[in-house]
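Got chain A; can you put chain B on it based on the hints?
Those protein sequence lines, which keep their order, are chains A and B.
Residue numbers for the first sequence follow my numbering, beginning at 1 and rising by one.
Residue numbers for the second sequence follow my numbering, beginning at 1001 and rising by one.
Source of the hints: derived by calculation from the structure; they are not laboratory data.
Here the structure is a predicted model, which means the values were calculated and not measured.
Just so it is clear, CB atoms sit at the ideal spot from N, CA and C, and this is done for glycine as well.
Just so you know, not all the hints are guaranteed correct.
Claimed, not checked - Below 20 Å or equal to it, Euclidean Cα-Cα: the simulated DMTMM-like pairs (lysine to aspartate or glutamate) are:
{"id": "1", "chain 1": "A", "residue 1": "236", "chain 2": "A", "residue 2": "282"}
{"id": "2", "chain 1": "B", "residue 1": "1030", "chain 2": "B", "residue 2": "1047"}
{"id": "3", "chain 1": "A", "residue 1": "236", "chain 2": "A", "residue 2": "204"}
{"id": "4", "chain 1": "A", "residue 1": "236", "chain 2": "B", "residue 2": "1108"}
{"id": "5", "chain 1": "B", "residue 1": "1068", "chain 2": "B", "residue 2": "1046"}
{"id": "6", "chain 1": "A", "residue 1": "236", "chain 2": "B", "residue 2": "1081"}
{"id": "7", "chain 1": "B", "residue 1": "1068", "chain 2": "B", "residue 2": "1125"}
{"id": "8", "chain 1": "B", "residue 1": "1027", "chain 2": "B", "residue 2": "1081"}
{"id": "9", "chain 1": "B", "residue 1": "1030", "chain 2": "B", "residue 2": "1061"}
{"id": "10", "chain 1": "B", "residue 1": "1039", "chain 2": "A", "residue 2": "228"}
{"id": "11", "chain 1": "A", "residue 1": "236", "chain 2": "A", "residue 2": "257"}
{"id": "12", "chain 1": "A", "residue 1": "39", "chain 2": "B", "residue 2": "1081"}
{"id": "13", "chain 1": "B", "residue 1": "1039", "chain 2": "B", "residue 2": "1081"}
{"id": "14", "chain 1": "B", "residue 1": "1068", "chain 2": "B", "residue 2": "1054"}
{"id": "15", "chain 1": "B", "residue 1": "1068", "chain 2": "B", "residue 2": "1047"}
{"id": "16", "chain 1": "A", "residue 1": "236", "chain 2": "B", "residue 2": "1047"}
{"id": "17", "chain 1": "B", "residue 1": "1068", "chain 2": "B", "residue 2": "1108"}
{"id": "18", "chain 1": "B", "residue 1": "1027", "chain 2": "B", "residue 2": "1037"}
{"id": "19", "chain 1": "B", "residue 1": "1068", "chain 2": "B", "residue 2": "1109"}
{"id": "20", "chain 1": "B", "residue 1": "1030", "chain 2": "A", "residue 2": "228"}
{"id": "21", "chain 1": "B", "residue 1": "1030", "chain 2": "B", "residue 2": "1109"}
{"id": "22", "chain 1": "A", "residue 1": "236", "chain 2": "B", "residue 2": "1125"}
{"id": "23", "chain 1": "B", "residue 1": "1068", "chain 2": "B", "residue 2": "1037"}
{"id": "24", "chain 1": "A", "residue 1": "236", "chain 2": "B", "residue 2": "1002"}
To be verified - If we take Cβ atoms under 10 Å as the criterion, some of the chain A residues that face chain B in the derived model are:
{"id": "25", "residue": "8"}
{"id": "26", "residue": "10"}
{"id": "27", "residue": "56"}
The chain contents come next:
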Amino acid sequence: MTEAEFDPVALATPFFILTIILEIVLARLGKARANYEVKDTAISLSMGLGSTLAGLVTAGLAFAATLWVYEHRLFTIPMTAVWAWVAIFLLEDLTYYWFHRLSHERRFWWAAHVNHHSSQHYNLSTALRQTWTGGVAGTWLLWLPLAFLGFPPAMIAIQKGISLVYQYWIHTEAIGRLPRWFEAVFNTPSHHRVHHARNPVYLDRNYAGILIVWDRLFGTFQPELDAEPCRYGIVKNLGTFNILRVAFHEWIAMAADALRHPSHALGYIFGPPGWSHDGSRETSAAIKVRALGAPINTPLIPAHAGTQASSFTPAAESRTDPASLG
Amino acid sequence: MDEAFFIQLALSAAAVGALVAIVAWAKIAKPVRPLDDHKARVLLAEEFPTRSIDAIWTASDGAGALAKSGGMALVLCRVGDGFAARQIPWPQAVSATFRNGRLHVNLDDIAAPAATIRLPSWPPENLTKDLAA
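Isolated chain B, as found in the complex:
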C-alpha cells in the first residue's frame, strides 16, 4: 500500500462525512407518522401474514407495537424511517423488563437484538391471569 492509497482512503472518508451531512440537511427521509393500532395491524399483517392478532399494544409515541398472537408475541419497532418486526414466545414478552414507561424486549436476534416500546403499563393484567390459568 502506497501513499496514494492512504490519500484516496482519507478523501473517501471525508466524502462519506460530507454526504451524510448533506443528507441530514436535505431531510428527505420517508415520512413516518406515529403508529396507531390500525397502522400497526397493517404492518404486522404484512410481516406475519399467517398469524392472527389476539390483542395489540401500540407504543404511546407511535414508534412500536407489541401484539399477542396465540403463543407468540409479534414485535414491531421503528428503525430510522422504517420498521423491523420479529416474533418471540409470548412468555418472553410478558417477562420483559418494564421500567419508567418503557418495555425493553429482548428479541434474541443478532440482527435485531432488542426493542424498546413506550407503554403505560406492562404486563397486561387480564392476559397474564389467563396465561397463568
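Chain A with its partners taken away, still in its complex shape:
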C-alpha cells in the first residue's frame, strides 16, 4: 500500500531507447519528420539521467510527507477497486494540469521546469529533458491532497508514472494529427507541439498531462494552426550547451533579480516569468497582447481546425545537407 510494486517509468525505459532509435532511423531514411542535433540530444538525455539522480535528494522527504498525510487520511480507498483507479486517473491528471500550469505561470516553479522547454528541437529525446530541481521546488506537495483523500501512496506513485510514460510519446513531430475524437479528449503530439512552441499565439497553452479536456475546461486550449508552424524553445533561447547553465540558469537569474531589487523580490520570485518592476520585460501575457492584439485567453481557431486529419510530409527537405553546414 505504501510502496509501488512496479515503476512504470523504469519498465518503459527500454521502450524509450528503442523508440528514439526508431525515430532517428526513420528520419534518416526520410520516412518521418524529426530533427536531432548532437549537442542538443546529449543535453536532453543527460538532463534525463541527471534528474533521476537529483530526484533522490528529495525523494525521501516527499515519500515521508506523503506517508504522514496518508496516515491522517479522510477515507481508506482500496487499491483493488476499479472505481478507485478511475478516480485517481482523473484526479491525478487534474493535479498534473495545475502543477504544470503553476510551473509555467510563476517564475519560482518555472525556474525548475524551464529546462524541459529549452531545446529548440521537439523530438522524443526532448521528453527526457527533465528537471533537476523539481523536488527542491516542492511541486510534489500538490499531490499530497490525493493521499489525504485516502489514495495509497503506491497508487499515487504508479499513476504518476503512467502519466509520465504517456507524455513521452507525444514529444514528436513524426505523428501529425490523430482521429478527431482522440484529439478532442486526449493530449496528443499536435496539442503538445503547441505547448512547446514559442510563437506568441502558442505561449502558455495546453498544460494537459493525459486528458486535454482540462485545457478546454479551464480556457487554456489552443489547437495547432497549419498557418503558424511551431517554433520550439523558450522566449529567450539558450546561447549555450553548458549543462549546468541549462539546469540552473533561471534560478540564478531569478536570484540575481531579487538581490538587485530587494523591494520587488516577491514579484521577481513569484510573479510570472518575464515580470519586472519597471515593465522593461515582457510576460507571456504581454507578448500575446502585443503580437496578437487579443485578450490572452482567446484561443485562435481556424475554420478548419479539427475537421480533418492531416499529416506532415516526409521530411526529406529537412534532412541536413552537409554542404550547407558552416
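This is chain B only, laid out in the frame that chain A set:
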C-alpha cells in the same frame, strides 16, 4: 541505493552515449544555411518585433550578426542548428573585444553568456563617430 540501482544507472549512461553516437551518424540536424543580411534581419525581426534596425553586420561565416537599433545592439548567434538572440546597450557592443577577426560580445546573461561574431573590422568607424558626437 542497492547494486541494481548502480547497474541501471551505468546502463542508462551507456545508452545515452550510444544514442548520441547514433544521432551523430544520422546527420539529421535542421539545415542551417549561413546567414546573409536578409536572413539575419528576418530572424531579428522575429526575436525583436518592436525594434527597427538602423544597421546590420553579418558574420563572414554566416554564424551570427549584430545590428544597431537605436541605443541597443541586437545580437544573433548560432547555437547548434538554431540561433539565440539578445539585446545589449550599444556602447557595450562597440567596446566589445575584437581580435583576429572575431568580435567577442559579452551578453551579460547566464543563459547566453557571450557571442563570437566573425567580422572584417570593429567598431564601425562612422557609427562610432556619430555616437561620440
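Checked against the structure, which of the hints given earlier come out wrong?
18, 21, 22, 24, 25
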